[in-house]
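Residue numbers (this note's numbering), protein chains in the order written: chain A, 1 to 565; chain B, 1 to 565.
If you're looking for bench data, these hints aren't it; they were derived computationally from the structure. Heads up, some of the hints might be wrong.
Pairs count within a copy or across copies, as identical chains cannot be separated in the list.
[As the list claims (entries may be wrong)] As a list, the in silico SDA-like pairs of lysine to any residue whose alpha-carbon atoms are at most 20 Å apart: (1) 178 with 2; (2) 54 with 203; (3) 559 with 372; (4) 444 with 32; (5) 162 with 191; (6) 22 with 311; (7) 22 with 203; (8) 178 with 14; (9) 54 with 205; (10) 159 with 388; (11) 159 with 193.
There are 2 protein chains.
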Amino acid sequence: MSELERMIDAGTGRTPADIVLKGGRFYDLVTGDLVASDIAITGDRIVGTYGDYKGAVEIDITGRIVVPGFIDTHLHIESSLVTPHEFDRCVLPYGVTTVICDPHEIANVLGTEGLQFFLDSAAETIMDIRVQLSSCVPATHLETAGADLPIERLLPFRKHPKVIGLAEFMNFPGVIHKDPIAMAKLEAFQGGHIDGHAPLLSGYGLNGYISAGIRTEHEATSAEEAMEKIRKGMHILIREGSVSKDLKALTPLFTERLSPFIALCTDDRNPLDIAEQGHLDYLIRTAIADGADILAVYRAASISAARAFGLMDRGLVAPGRRADLVVIDSLENCKADMVFSGGRKVTEALFASRKPVAPVGTDSVRAPEITAADFAVPARQGESSVLGVIPGKIITEHRRHRLPSRGNQASVDLENDILKVSVIERHGKNGNRAVGFVQGFGLKKGAIASTVGHDSHNICVVGADDEDMAVAVRRLSEIRGGFVVVEGGKVTGEIALPVAGLMSLEPYESVRDTLHHLREAAYALGSTLQEPFLQLAFLPLPVIPHLKISDKGLVDVDKFELIDG
Amino acid sequence: MSELERMIDAGTGRTPADIVLKGGRFYDLVTGDLVASDIAITGDRIVGTYGDYKGAVEIDITGRIVVPGFIDTHLHIESSLVTPHEFDRCVLPYGVTTVICDPHEIANVLGTEGLQFFLDSAAETIMDIRVQLSSCVPATHLETAGADLPIERLLPFRKHPKVIGLAEFMNFPGVIHKDPIAMAKLEAFQGGHIDGHAPLLSGYGLNGYISAGIRTEHEATSAEEAMEKIRKGMHILIREGSVSKDLKALTPLFTERLSPFIALCTDDRNPLDIAEQGHLDYLIRTAIADGADILAVYRAASISAARAFGLMDRGLVAPGRRADLVVIDSLENCKADMVFSGGRKVTEALFASRKPVAPVGTDSVRAPEITAADFAVPARQGESSVLGVIPGKIITEHRRHRLPSRGNQASVDLENDILKVSVIERHGKNGNRAVGFVQGFGLKKGAIASTVGHDSHNICVVGADDEDMAVAVRRLSEIRGGFVVVEGGKVTGEIALPVAGLMSLEPYESVRDTLHHLREAAYALGSTLQEPFLQLAFLPLPVIPHLKISDKGLVDVDKFELIDG
Numbered sequence: 001m002s003e004l005e006r007m008i009d010a011g012t013g014r015t016p017a018d019i020v021l022k023g024g025r026f027y028d029l030v031t032g033d034l035v036a037s038d039i040a041i042t043g044d045r046i047v048g049t050y051g052d053y054k055g056a057v058e059i060d061i062t063g064r065i066v067v068p069g070f071i072d073t074h075l076h077i078e079s080s081l082v083t084p085h086e087f088d089r090c091v092l093p094y095g096v097t098t099v100i101c102d103p104h105e106i107a108n109v110l111g112t113e114g115l116q117f118f119l120d121s122a123a124e125t126i127m128d129i130r131v132q133l134s135s136c137v138p139a140t141h142l143e144t145a146g147a148d149l150p151i152e153r154l155l156p157f158r159k160h161p162k163v164i165g166l167a168e169f170m171n172f173p174g175v176i177h178k179d180p181i182a183m184a185k186l187e188a189f190q191g192g193h194i195d196g197h198a199p200l201l202s203g204y205g206l207n208g209y210i211s212a213g214i215r216t217e218h219e220a221t222s223a224e225e226a227m228e229k230i231r232k233g234m235h236i237l238i239r240e241g242s243v244s245k246d247l248k249a250l251t252p253l254f255t256e257r258l259s260p261f262i263a264l265c266t267d268d269r270n271p272l273d274i275a276e277q278g279h280l281d282y283l284i285r286t287a288i289a290d291g292a293d294i295l296a297v298y299r300a301a302s303i304s305a306a307r308a309f310g311l312m313d314r315g316l317v318a319p320g321r322r323a324d325l326v327v328i329d330s331l332e333n334c335k336a337d338m339v340f341s342g343g344r345k346v347t348e349a350l351f352a353s354r355k356p357v358a359p360v361g362t363d364s365v366r367a368p369e370i371t372a373a374d375f376a377v378p379a380r381q382g383e384s385s386v387l388g389v390i391p392g393k394i395i396t397e398h399r400r401h402r403l404p405s406r407g408n409q410a411s412v413d414l415e416n417d418i419l420k421v422s423v424i425e426r427h428g429k430n431g432n433r434a435v436g437f438v439q440g441f442g443l444k445k446g447a448i449a450s451t452v453g454h455d456s457h458n459i460c461v462v463g464a465d466d467e468d469m470a471v472a473v474r475r476l477s478e479i480r481g482g483f484v485v486v487e488g489g490k491v492t493g494e495i496a497l498p499v500a501g502l503m504s505l506e507p508y509e510s511v512r513d514t515l516h517h518l519r520e521a522a523y524a525l526g527s528t529l530q531e532p533f534l535q536l537a538f539l540p541l542p543v544i545p546h547l548k549i550s551d552k553g554l555v556d557v558d559k560f561e562l563i564d565g
Numbered sequence: 001m002s003e004l005e006r007m008i009d010a011g012t013g014r015t016p017a018d019i020v021l022k023g024g025r026f027y028d029l030v031t032g033d034l035v036a037s038d039i040a041i042t043g044d045r046i047v048g049t050y051g052d053y054k055g056a057v058e059i060d061i062t063g064r065i066v067v068p069g070f071i072d073t074h075l076h077i078e079s080s081l082v083t084p085h086e087f088d089r090c091v092l093p094y095g096v097t098t099v100i101c102d103p104h105e106i107a108n109v110l111g112t113e114g115l116q117f118f119l120d121s122a123a124e125t126i127m128d129i130r131v132q133l134s135s136c137v138p139a140t141h142l143e144t145a146g147a148d149l150p151i152e153r154l155l156p157f158r159k160h161p162k163v164i165g166l167a168e169f170m171n172f173p174g175v176i177h178k179d180p181i182a183m184a185k186l187e188a189f190q191g192g193h194i195d196g197h198a199p200l201l202s203g204y205g206l207n208g209y210i211s212a213g214i215r216t217e218h219e220a221t222s223a224e225e226a227m228e229k230i231r232k233g234m235h236i237l238i239r240e241g242s243v244s245k246d247l248k249a250l251t252p253l254f255t256e257r258l259s260p261f262i263a264l265c266t267d268d269r270n271p272l273d274i275a276e277q278g279h280l281d282y283l284i285r286t287a288i289a290d291g292a293d294i295l296a297v298y299r300a301a302s303i304s305a306a307r308a309f310g311l312m313d314r315g316l317v318a319p320g321r322r323a324d325l326v327v328i329d330s331l332e333n334c335k336a337d338m339v340f341s342g343g344r345k346v347t348e349a350l351f352a353s354r355k356p357v358a359p360v361g362t363d364s365v366r367a368p369e370i371t372a373a374d375f376a377v378p379a380r381q382g383e384s385s386v387l388g389v390i391p392g393k394i395i396t397e398h399r400r401h402r403l404p405s406r407g408n409q410a411s412v413d414l415e416n417d418i419l420k421v422s423v424i425e426r427h428g429k430n431g432n433r434a435v436g437f438v439q440g441f442g443l444k445k446g447a448i449a450s451t452v453g454h455d456s457h458n459i460c461v462v463g464a465d466d467e468d469m470a471v472a473v474r475r476l477s478e479i480r481g482g483f484v485v486v487e488g489g490k491v492t493g494e495i496a497l498p499v500a501g502l503m504s505l506e507p508y509e510s511v512r513d514t515l516h517h518l519r520e521a522a523y524a525l526g527s528t529l530q531e532p533f534l535q536l537a538f539l540p541l542p543v544i545p546h547l548k549i550s551d552k553g554l555v556d557v558d559k560f561e562l563i564d565g
């Protein structure tokens, strides 16, 4: 008997369903009612609601509420620092049954090999991982990426069953000004899904951008910005990540009227936040606590998200839908104590049953041999440009300072919290190095270094001491990528991220614990930033204002060009 | 310069748009606001709203309101009695810019040749005609159809760009009871769109039906029935046709809360109703007059319909969307005085520019040679079964009457309004004939006959006189199908429908006028039915209770078997 025949039999009640949830209520996102009913599951599908069912397995959920599985509509799994398999094990128990990811980070390091790794992983994970094809690799011409993904390399992936469309089109000036590389990608995906990314874009520029067929937007950071975009037909993906936090500002969008046109996403969410707060469940309870309409929040978390991305088989607790279900304590608190993904009850044993996928990019750190001398900066007359870090923001200020000098060398200025920052090309392409100055980390000694540096993921190091900076960079090569803290020539904290220099091979629990230690080691250097490695990772990102640094040099983002310090 | 580049240029306002609508307001279905703004169109797309634009053509629409083009989510174009080209010319000016049709009638006569004719026509029409693949050809084993469409014949059409999925799955008992032919079709379309058709199905049976992956339903005829189906995740297509009229009963569904989950359809709408009332515009103004929420009605007519069928490029007045626009006088009155389809202003000249498509099935009427003697019915003891017609309903009653006799022949009983009814196989398959009795047409003389007889479209004739019945049937062969009225051996009214015996080759205006005359000719025979040919056409439909007649004989629909009078 086919699965479909089994489902029909179970739905009609002729034969027992595989699993029946009994004694609870479910949240009907169509009517807004809390409905007392059995929920029958057979195969990967819900087959019965509004009725009494017998099941091969019957689970008592008295006092609980069942809601449709949550859909994260835009995220980079790499930001969790674990592999897709570990992400699955970490995040699915919070009720996130579908994620629509853009493997933008690994694609910038490994190109199609990175895309394929995600697709191979998606075939095995318990949660449904859908992949958007990274649209901007390399992100800009102002940095050296590990790979290049012109349209010809994306096309073979377009029809893959796990692929939805083209990922966040960050190069919005390229769209508006019809850059030929951008146009080739947009043309190829006309009629399909193209994700947007256009922070602060408005008016006629926004109209031109949307006219290119771009449908969704997760970069709106104020209600006013979001309202202009939603009025112009964009589906707004309300974001709350570890870096960009827009939930509070966008809470006014959670109304019943707007509910068909909004969704939720995390974009970048680090393992500490996941451990301490949760994932989309955190967004849901926070939005409700801030006064959002409850029906609108749950629609955004499931059915409205599903429809925006053409996932017509999910998003409701109803027959025929994929049995992605979250059993929670209350709508307001949204604590998941049982999760079903495609009809399977989520357990550690289920995760253990997955086939592993061989890691890729385990020799991706091919940096030149570095010594303290590589961080020397000739002293100069007058002021120098300094990256001004703002706690909790990825935007930087372009500051000017007169730097102290030792001999003919410009020096760090610990009194004014000015440290050296360097980006070193690490893909084995050209060995580029650039050195500059940064203010705001608070280190009084030592250095911190990372192979996670958006978007090209070259090595980025910040330090009070050239020797420690060199030790940190060399250690990154030894551990094949990761985060390192060095003090007095010794490594005092580290985490290895050998998968493309971005992801750990360890379980998420040990990554979480190691990150705690690592943070403590950075605090011991004097770090005044709560998340020093997160802020380090965004220093090289040349599409975010105002002053950044890449392997090619200092970037004045407002002019979108390299400058001479 | 590519079309996409032109659109971006126009959207940003750098270059003039192709067309700009100025001075009016548009109905923003996201926020519910009436927005005063230019609307800029370039190519087939809207490129600007919420702004001022220059256009190569600027059209003043002062005082008018622009709404997104209407989407008819389920209909049989054949019921308009004109070809898809003429349907386009007739219905698009009412603002219907997209129709999702099931060519079920022509498919039952011609099979894949009929599907291909619709797809070829859809490539040329100004409106966007999308095609669902007819799922039930033949409809039942109780009749002789002209064709057979098992799954193997549907599969080659599945990926056609105009094909959405599988059309209304009428054989709902076949789904619930896992009929192998039904299962093969359902299996093949899992993950794609499958339209439903399950009148009065509820409870566990409905759960089983929906579990098969069936997503939409247009057969709900009461609010209670519709509410059960919508709560179980079906998208409800609220129908108002010439035959089945559900709008009033379902008006309670037009609420803002339910608006993402409803749409509109006409199913079967004849040319007289279109001429007298309009098309979806009639549904819109009628629902609003009956107290429906206005935003919900317009969402149902466009964006919610588009999303239910995965037509993500349309349904809003917003940049990036297909420029399907209707300029109306007021939201309440909804009279279109200008329509844009894919950016083209709808005019007679535009219709004249379409490439014609050669008609098919012009020799589809292959009935045996018929004489009056073929309608002889032997007299019998006791009562005979009589089809009891109810004005305006396709359901019939199973009545019993003692018939008068002449010699050894049973005879019509004009005093009790009992006439003869006969169905004659006309596909050249077997020459089957069946004769029975029908009550409720009111004819006092003559006969009416038709090659439109759901679902197999054999010849159906009703008459007070055997000779006139024979004349009528023979005339149908001469004119290659159509409707005929005969009185005293003479044809007193007729319309030729030579395309598969279902559609005219004439312009819709002349079809409309001829139908007026035809109706008058039927009234002259004494017809007490307002639409005698419409009711005639449903006498052979063996899936509608209670007593029907096919070329194989009388059908007791409740027992779903042939009976012996």
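Given a CA cutoff of 20 Å, do residue 159 and residue 193 count as a within-copy pair, a between-copy pair, both, or neither? Classified as both; 12 Å inside a copy, 18 Å across copies.
Between the shortest in-copy and the shortest cross-copy C-alpha distance, which are at most 20 Å for residue 22 and residue 311: within, between, both, or neither? neither (27 Å within a copy, 37 Å between copies)
Between the shortest in-copy and the shortest cross-copy C-alpha distance, which are at most 20 Å for residue 559 and residue 372: within, between, both, or neither? neither (31 Å within a copy, 92 Å between copies)
Given identical chains, is residue 159 near residue 388, meaning Cα to Cα at most 20 Å, within a copy, between copies, both, or neither? neither (44 Å within a copy, 55 Å between copies)
Regarding residue 178 and residue 2, is the shortest C-alpha distance of 20 Å or less found within a copy, between copies, in both, or in neither? between (51 Å within a copy, 10 Å between copies)
Can you tell me if residue 162 and residue 191 fall within 20 Å by alpha carbon in one copy, between copies, both or neither? both (17 Å within a copy, 13 Å between copies)
20 Å Cα cut-off: does residue 54 pair with residue 205 within a copy, between copies, both or neither? For residue 54 and residue 205, only the inter-copy Cα distance (15 Å) is at most 20 Å; the intra-copy one is 57 Å.
Within a copy, between copies, both or neither: where do residue 444 and residue 32 come within 20 Å Cα-Cα? So residue 444 and residue 32 fail the 20 Å test inside a copy (56 Å) and across (57 Å) alike.
Given a CA cutoff of 20 Å, do residue 22 and residue 203 count as a within-copy pair, a between-copy pair, both, or neither? between (52 Å within a copy, 18 Å between copies)
Since the copies are identical, ignore which copy is meant and state whether residue 54 and residue 203 lie within 20 Å (CA to CA) inside a copy, between copies, both or neither. Classified as between; 15 Å across copies, 57 Å inside a copy.
My question is about residue 178 and residue 14: at a cut-off of 20 Å on alpha-carbon distance, are they close within one copy, between copies, both, or neither? Classified as between: cross-chain Cα gap 12 Å, same-chain 60 Å, threshold 20 Å.
When the structure is compared with the earlier hints, violations turn up for hints 3, 4, 6 and 10 and for no others.
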